[in-house]
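Knowing the structure of chain H, use the given hints to seat chains S, X and A on it.
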Amino acid sequence: MRTKYFLALTIAVLMGGGMLLFANPPAGSGSISGKITYTGTPPKMKPIDMSKEPTCAKQHTTPVLTENVATGPGNALQWVVVYISAGDQESSAPSQAERYDQKGCQYIPHVLPMVATQELQIYNDDQTSHNIHPLAKVNSEWNKSQPPGSPPIDTKWEKPEFIPVKCNIHPWMHGYFVVLKTTHYAVSGPDGSFEIKGLPPGKYTVSAWQEQYGTQTQDVTISGSENKPANFTFKVLPY
Amino acid sequence: MSAEAQATLENESRIALTAERRPQVSGFPSLASGTPTSETGMWVVVAAISMSFAAFTSSMIVRQGSSVDWLHFQLPRVLYANTLVLLASSLTLELTRRRMAAIPAASENSTAEAKALLSNGVYWLYVTAALGLIFILGQWLAWRNLAAQGLYLSTNPSSSFFYVFTALHGVHLLGGIGGLIYVLRKFKGINTNSSVQMNSLGAFSIYWHFMDILWVYLLLLLVMRM
Amino acid sequence: MGKLFAVVVAIITIISVAIFVMHTWWMPIDVSTNGPAIDRQMDDTMIGVGVLFLAGQLVLAAFAWGSSNTSSGRKIKIFPGGATPLVAGAIILVGLEVLTLTFVGSKAWGAIYVAPPPADSMRIDVQAEQFAFYFRYAGPDGKFGAIHPDKIDDGSGNYFGLDPANDIAARDDIVVGSLTIPVNTPIWLTLHSKDVGHSFYVRELRVQQDFVPGLEIPLHFTATQTGKFELVCTQLCGLGHYNMKAYVEVVSQGDFQQWLKTQAGQ
Amino acid sequence: MQETSQHAVHQHAPPTSFIRKHVFSLDHKVIGKQYYGLALVAVFIGMVLSWLMRIHLAWPTWPIPGLDKLSAVGAPGGVMTPEYYLSLMTMHGTIMVFFVLTNAPFAAFGNYFLPIQIGAEDMAFPRFNMMSFWTTFVAFLVMVTAFFVSDGPPISGWTAYAPLSAIGKDAGPGLAMGQNLWAISIAIFCIGSLLGALNFIATTLDLRTKGMSLSRMPYSTWAWFVTAVISLLAFAVLLPACILLILDRTAGTSFFVASGLVLSDHLQPHSGGSTLLWQHLFWFFGHPEVYIAILPSIGIVATILPVFARKPLLGPRATIGCMIAIGFLSYMVWGHHMFVSGMNPFSANLFSVPTLFITIPATILTLLLIGTVYGAKMRFTTPALFCLGFISVFISGGVSGFFLAQPSLDVYLHATYFVVAHFHFVMAVASIFGVFAGTYFWAPKMFGRMMNETLGKWHFWLTFIGVYCIFMPMHYLGMAGNVRRYSAFVDDYLIPLIPVHKFITIAALATGAAQFIFLFNLIWSRFKGPIASDNPWEATSLEWSTSSPPPFDNFGGRHMVVYQGPNEYGVEGSDKDYVMQTSPEKIVTR
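Residue numbers (this note's numbering), protein chains in the order written: chain H, 12 to 250; chain S, 313 to 538; chain X, 370 to 635; chain A, 15 to 604.
Only chain H is shown next, with the shape it has when bound in the complex (with noise of 0.2 Å):
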């Protein structure tokens, strides 16, 4: 009888062990925060005229910019994806996939990160023809049109690449999958402002990455379940 009992904890104790030993590294309570700025003056954003769309102009109330180099108040610089370039534990996909849309005429987001292999979803919510052409080069292009009404596209990205995306029947639209090895990331908002959350003990490498002035570093250590800022200052010309 109570041998039993002794074997039955036994087991449980080593399943339980083994489950410890085995699973994924606990994501660290750890994060990163910070702002990403610019100095200079930033080229003015052009207005699209969107008029050959009449489905997409009427969408928009106020005419709608180019997004290359975004900026919001206090300098602020949007559209910068900081992530962790090394030091990170390597970790499968997440299972969830990701959402890509089109909508106004308009990627939405402009910047997506995502994970290596992970699913990526791509809808068209306007009433017009779209076509999404991923300009890859370590990954393979391709170029499909999306009638209104057709159902998702999905697909993933193999390798880790800053693919742009245009669409070949409305030339104004731009974006960028950034595919990642790793699954710390985070895209700074219009305040400039990021987070990436989750991070286990360790030092790390993390860089910064705008589509037309390239890729910052910076060397952070996290001990524990803190919060260490990083900031980021884009250097930017008027042209």
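Calculated directly from the structure, the hints in this document are not laboratory data.
Don't take each hint at face value.
Derived PhoX-like pairs: lysine-lysine, alpha-carbon spacing no greater than 25 Å straight-line [as the list claims (entries may be wrong)]:
no.	chain 1	residue 1	chain 2	residue 2
1	H	Lys55	X	Lys446
2	A	Lys516	X	Lys446
3	H	Lys57	X	Lys520
4	H	Lys246	X	Lys520
Relative to chain H, chains S, X and A alone:
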């Protein structure tokens, strides 16, 4: 009409169906050209090939006129040697035709004489083929020469056209050599129906001489344009 | 059967012609100085050809009707006079029509394409690309910046490939997605293509001209009425061809100057 | 009475094995039927493509059942993408122009009947003849393969204008592998056509039987001969064009691609090519191609109409002269496709004048045909009806040429549905009507069985009215400035025209459906139709002097001698109302 007249009619008309030379027949409208079908066909081929090379030529002129990136370069010397080789091959071909044409007359005297003519003619035909192959080889050397200068097919429109012209002419000439082998097979032994042999030889020589003329034309064109 | 054929052909012919005559579907209003000549030419041709069409079909119908009488008593008839009068008539009539059409038509054509643009024309650059038109005004300095294909970047809206960093003239160039022009002013467009062949077609202006990659094609016209018109691409240029269009806004001189100022301000 | 000889010489003995008999046969009759079969397959493929396009134009958001099975990328959920529409359009144009309009009236009927009509036992070069068919067949296979490559068929139209066709995948879907296959297929097709033309010319010149002078050749033979000359020169130009295009695409040369082009954000590595060069080369072939399609049908109708009118064709020599004149002029007018292409505006008039002058021989031909109907005792069989229908649609298609030949009107009408209407009427429908007439007329000779008249008449009426319902409205669309080659009509001024497109679509579906009556009739009569006599229509030309179908050597060892022209109908003082070409009797009356 009388029976024998009718007989001759049938006779001639039967020959007509085997596409041989035939005389005019009185009482009927004049019939088709006296030339053997094989030669007529060969003239049509010549017309078609001339047309395509005319198209290439005009393309070249338009292309050169349309832009400023036309590169002038030195033609490989070997081309001139090749030209001589090809011209020589036409001469040897004529030697063959002489021999072959003489066979029927000779065979009336002695078969031995005819046989001699035949073998001799065949010999010159082999020489013609050999010269053709030497020409092709020479063209290939010319390509090597250009490649050594860093001029490839896509380097410049001028080099593009050079390779296109020489390659296509070469392909046609290889086809000619194929035809030459076909003619050789026809000259196995003295054939009673020698006109078939003569027709195939005649048609072939039209083609071969045309290849000759075509090359001279292309060479002049290249000399002027490069 | 012959009678039936005659009736069917007659009905088809009359309906077809009627719809043309009623102008049920027709050219839109003409707002250009080129238009009147073209429209006159169109009407002349329409009348001349319409007569040929009617005559041809109806005569065919009539003969078919007649030929359906196969009563044994009737002998076949050869066309009176045989072929010669027909041939001669065709050569003379059609020949004359052809010559007149050519003579009149070549004037209309010359006015648009052969005549050089007036010296005081307003210069506008057009860039056609898969699948949109972009228009460039010289801006306050009246000078166009140079075009550098390697600088072209749709993402940052540099559709012409300007280089404002090093090229002062390019900085104030106005690049927009719609063509705004003053009324009663000769316009002189320079057509560039960024990628493949396109075409510039505005029905109301009665102009059509291809963009040829690698060439700068001049095109000139004068709008005589204000209004908003559609510019569409008529040269197959790829998957978005059907969607390649822009608007042409013809405005008064005052409005145009105003528009220029606001654009230059941006 | 006919002169016969017991032991005629033949160029090649009758084959025995199935393969040599029906597949790799040297017999011009088998080859003719093979061409006809290929054209038949091609025309139904092309027709289905046009259906798909029409449905998409009228109801762009409709999912077409099963289309996503054909191409999941091209039609996700059955809804056609813009590029897939263009792919289907390109394939429709290419298949119809090359594999139907060039093959059916010229290669198919020409191969079968040209040698018989001149009293020859076969073509001059039977081996080349066989090669020409199988080359064409390979070209067709290569073309159809484009449907099944990853990025689908090319989207650059049957004219494949450079640089769109010359750059590759950066220019858009279908322009990588698909366009390669297209260019290769057309190049192969050129070779096949050249071999065919070679045969037609040599045969007509050298193998005419005794008494068959040029002036005694039937008009169909004349048409095939003139067409052969045209296509020899035309395809000899298209072939180089294709070679240069393939080099531009694969070898990095710059014949057609200009400098500094940016496609898909890539600066293309070409320099200095001439875009217009392709257009010149293509249309130098492309315009004669129109006459390659229509001349044989004119000849066929000129041959068939007198048979049923029971009177001679009006102006036989004028007819032949006009065909030659058209063939000659067709080489001076290619530029009228390029009035607004950016070529020197002065040259527009140079091309416009000869173009307009082509209307003169065309008008004469039409008038002569109409004049032949005058006072006839018409036997209204199906082939006769299709001949009359041919005249009608040829007029309708011809007159619109007056507009497009004038640069000043082309400025407005160029690249609109007016053009589509014009060339479909004059080139496609007219040519196909000639083919239908020929089929109903010659099927008894080709298969030894009559086709069903009732079905034939139904087929005629539905088709005749149908094509007018399809193509006449396209003129109105053109007048309203409706641009062609659009996969959807999103422009403000085009939206009101969509009802017209719906009407056209319905008409197209109905007319297409009617073609299955023809298909059924053809297949059913082939096996079940009443046995045909040697000369069921009481016609004069040589094919009716032999059995139906003709023996392997066409005249069963007999050798024909010709005493008459092909035009001896309505002859009085003869026991019949016509005199065969082989009949030696003297004609006194008339």
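Check your understanding: Lys516(A) and Lys446(X): Cα distance at most 25 Å?
Key -> violated, 46 Å
Exercise for review: Compare the distance between the alpha carbons of Lys246(H) and Lys520(X) with 25 Å, and conclude whether the hinted pair is satisfied.
Suggested key: holds, 21 Å
Check your understanding: Is the straight-line distance between the alpha-carbon of Lys55(H) and that of Lys446(X) 25 Å or less?
Key -> Status violated; Cα separation ~85 Å.
Point to revise | Pair hint outcome, Lys57(H) versus Lys520(X) [Cα-Cα no greater than 25 Å] | key: Between Lys57(H) and Lys520(X) the Cα gap is close to 16 Å, so the pair holds against 25 Å.
Of the numbered hints stated above, those contradicted by the structure are hints 1, 2, listed in ascending order.
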